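There are 2 protein chains.
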Amino acid sequence: MSDLTKIILAEQDIPHQYQNINFYLQKFLGELPPPPLHPVTREPVGPADLAPLFPMELIKQEVSLEQYIPIPEPVREMYKTYRSTPLIRARNLEKVLDTPAKIYYKYEGASPSGSHKFNTALAQVYYNQQEGVTELTTETGAGQWGSALSIACQMMGIKCTVYMVKVSAEQKPYRKYLIEMFGAKLIKSPSDTTNAGRTALALDANHLGSLGIAISEAVEVAFGNPQVKYALGSVLNHVLLHQTIIGQEVIKQMEIAGVTPDIVIGCHGGGSNFAGIAFPYVAENLEKGKKVRCIAVEPASCPSLTEGKYEYDIGDSIGMTPLMKMYTLGHDFVPPGIHAGGLRYHGASPLVSFLLNKNLIEARAVEQLSTFEAGIQFAQTEGIIPAPESTHAIRAAIDEALVAREEGREKVILFNLSGHGHFDMQAYADYMGGKLK
Amino acid sequence: MSDLTKIILAEQDIPHQYQNINFYLQKFLGELPPPPLHPVTREPVGPADLAPLFPMELIKQEVSLEQYIPIPEPVREMYKTYRSTPLIRARNLEKVLDTPAKIYYKYEGASPSGSHKFNTALAQVYYNQQEGVTELTTETGAGQWGSALSIACQMMGIKCTVYMVKVSAEQKPYRKYLIEMFGAKLIKSPSDTTNAGRTALALDANHLGSLGIAISEAVEVAFGNPQVKYALGSVLNHVLLHQTIIGQEVIKQMEIAGVTPDIVIGCHGGGSNFAGIAFPYVAENLEKGKKVRCIAVEPASCPSLTEGKYEYDIGDSIGMTPLMKMYTLGHDFVPPGIHAGGLRYHGASPLVSFLLNKNLIEARAVEQLSTFEAGIQFAQTEGIIPAPESTHAIRAAIDEALVAREEGREKVILFNLSGHGHFDMQAYADYMGGKLK
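So the sequence lines, in the order shown, correspond to chains A and B. To convert, note that position 220 of the first sequence is 220 in this note's numbering; the numbers rise steadily by one, no gaps. To convert, note that position 159 of the second sequence is 159 in this note's numbering; the numbers rise steadily by one, no gaps.
Each hint should be verified, as a subset may be incorrect.
It does not matter which identical chain is used: a pair holds within one copy or between any two.
DSS-like cross-link-like pairs, simulated, lysine-lysine; straight-line CA separation at most 27 angstroms [unchecked claim]:
(1) K252 with K80
(2) K80 with K6
(3) K437 with K27
(4) K252 with K6
(5) K185 with K435
Since the hints were made in silico from the structure, they are not lab data. Computed from a predicted structure; not experimentally measured.
When you get a sec, could you build the whole thing from the sequences and use the hints?
Dropping the structure here:
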């Protein structure tokens, strides 16, 4: 085994392609996730249904069965400014836990926007720009996605409008400044700029907003203007596809480290960061008969994977999006205001849901207080302040390391540190002040 | 020339030693900076004078004439978690500036505490711990240094007390939370815990605090307790010495890039980040007769290098520190409340001052508004939000790139991006809102 602490790939080893899990499902399982259905006709949606929202290249990726999809050279050029992200051995954490386990983490917080979201933002903006789109709309909850898309748009000269859940914009003014600094137009949702927003405000003039309503607003704007398209930061196949550069890098980095993970862990909201690190391992499991355990970790207060039903549901709150077969708590489920805002989604991605349903991955729910405890233990030993979302993965990694200690087994545990928490210090202050439950 | 965008060194190429500029001054110039003087006797201070404040190893480094000082292996182990920091070619910025210049930046914001300060924090905590010190005190203004020292202390199991300038603690609550999260005791200065603090409060019960008073408080605590020592984040020789790992890395990285810088730029407050990137180049200039221009960039509102006098002055506000020969605006100079709090110091390090006085480096002052303009242009093109301090270096780099455009010359410009601005978003919001002058 190598004793390297931090492993970074040479520029030529940054992935040249996205890896498509559907290829492996088709080939080795002979079965694919059920297709999305039109919210009115309940027929499978076709390219024409999605064309008002997405550029054709992304629609093709959504249904592709190719094993690999080449990363466009201009996108790969931009990846080079921050990738490969480091794979780091958490030696100090191991020592404090007194565990025989080796703990590795992939640090996606090293991206310009501070999370893995930038990986797909660059790709999505590029494909839109290539097809003549001049403006993108999106929604953001915690702000990670809105930040990522606004930076990517600014760098490639496309306009960007971000519908930010009102309560988040007010709780996290720094995120709001950040998005505006990157030149995006930020609109608090619900707003009076769309029918969806006005409807919500008519019901409650002081509405705090929700991710579902913000999605409806952003989608409505795109539907109304052919120059404007919509971008989503998780859930859909093409978004998860772009994130597979994480896992592809990790597989090479773990080879350099000279170890194979027994367990791969990612936090889970819509599914993109979990998919990013886990799908390339699931592909290896399918192709090579390996048995790497992949665990998606979600908040106990929003337990779509562990307590939701596997059924067709809409992705927003009012049915402007297709029906997707997924583990869902119901589209009218309103999760409590936990601090891991990026994990407060009523459903899960169809791909992650399908893999779970087929027992190709595992799911686990953890309590908020225990995630902050894990986050602070990690920060104090490894020096990086994790995003509240990422602390869910840390919690599970520490739990597995403690099991390894009890069992006296030298397990190799790998997790995705999806982002830093520099804009979430209020959440930590609330935790330290005993204000969370 | 290589076309790599981002260059990171292999683990074995992370420096094994700190590089001592005094060796080169002695050997090639035959002259050293004048020694610090005792504030009462005005005799050169000896080890016994400094022993209450610093461990003996750091006192030795302060006066060492060795060319290199080995980095202790446990410190180098911790450097490995985040070093080498990347050297990045600012291709997108070059394109927007339409300049023939090549612009490179060294990104020290990649450290756990988000700035170069962590480099010396780890070293200082280690040497203190080796000599049985159980607690460190320090002061912090903008919070970069307090964050760095608190993390380093937490990781090595030493107690830490941070006197934070009161107005900064209140303007930057996130920095305060961060320092507390890393287990340090944070005391707003002036406080009632020291004579220096009580004296200030007696004069003005609502005193906003200053760096000078906070230093006096931290120093007083160390003087009063043999188990407690004091740590300083800039100005002194040993602090600048530790930062030379930045420049040593850069020289190797620029070799890999296949270019030699014409100009090396760092912002300047106390001198440590400028010294970190520039001293190894100054050493090369002296040793090999090279002519790399090294430019220290300071705020026009606190222009110690460009408008101060080169004379002996005290380092704090009331004379608890030695007199140092430096460019100073006078120890009672109170700089305006600009947002680059880390550059609001009345003096400059004796080493940087000496080099400037000998014309071995250059200095330049820039206006606050122009630094924010540069910072936002950088963020929008390169995707990284710089600390307000670092924007001073960016301003000068952009100005040099624009000169290169006028001259049609393919200059190579290198600057130190000393830290990220994730905890300084209020400053950017104020700038964007037209509230700064």
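Checking each numbered hint in turn, tell me which of them this model violates, lowest number first.
3
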